[in-house]
Structures are given as C-alpha cells and as structure tokens.
Amino acid sequence: MLGARKNGVSTIGVLWGYGTIEELQQAGAGAIVSAPGELIAALEDLAQ
Numbered sequence: 076m077l078g079a080r081k082n083g084v085s086t087i088g089v090l091w092g093y094g095t096i097e098e099l100q101q102a103g104a105g106a107i108v109s110a111p112g113e114l115i116a117a118l119e120d121l122a123q
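Convert by adding 75 to the 1-based position in the sequence shown; the result is the number in this note's numbering.
It cannot be assumed that every hint is accurate.
[Stated by the list, open to error] Cβ-Cβ distance ranges computed for the label pairs, FRET-style:
{"no.": "1", "residue 1": "Q123", "residue 2": "Y93", "range": "27 to 33 Å"}
{"no.": "2", "residue 1": "G94", "residue 2": "L121", "range": "16 to 22 Å"}
{"no.": "3", "residue 1": "K81", "residue 2": "G112", "range": "16 to 22 Å"}
{"no.": "4", "residue 1": "G83", "residue 2": "I107", "range": "16 to 22 Å"}
Since the hints were made in silico from the structure, they are not lab data.
Where a beta carbon is used, it is the ideal one built from N, C-alpha and C, also for glycine.
Required output: the full structure, derived from the provided sequences and hints.
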C-alpha cells in the first residue's frame, strides 16, 4: 500500500489472508473487498 500510494497507484485491500480491515484502512487502501468475487467490481470502480 505504501509504495503504491507514493507512486500514485490505486490500491485494493483484501480481507482474506493476513491483516485486518483497520490495518488496510490505516495503510490507505483505495478500496477493500471481503471476497474474491468482489474484485472485478472494485477494479471497475477504480478504473472510472
């Protein structure tokens, strides 16, 4: 997240694996999804 933000790259945090929603929010995730099926919609939103 930090590297992406420093370089102007949009980010999507995911809630499977390690970490919590709070950590992703603090890191500055542009979007946060809780299931793999939500990724496409999140990518489409970031592309607009």
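Verification of the supplied hints:
The hint said 27 to 33 Å for the Cβ distance between Q123 and Y93, and at roughly 29 Å that hint holds. Distance hint check for G94 and L121: the Cβ-Cβ separation is about 19 Å, which falls inside the suggested range of 16 to 22 Å. In this structure the hint that K81 and G112 lie 16 to 22 Å apart at CB is violated, the actual value being about 30 Å. With their beta carbons about 19 Å apart, G83 and I107 fall inside the hinted range of 16 to 22 Å.
Violated hints amount to a single one, hint 3; each of the other numbered hints is respected by the structure.
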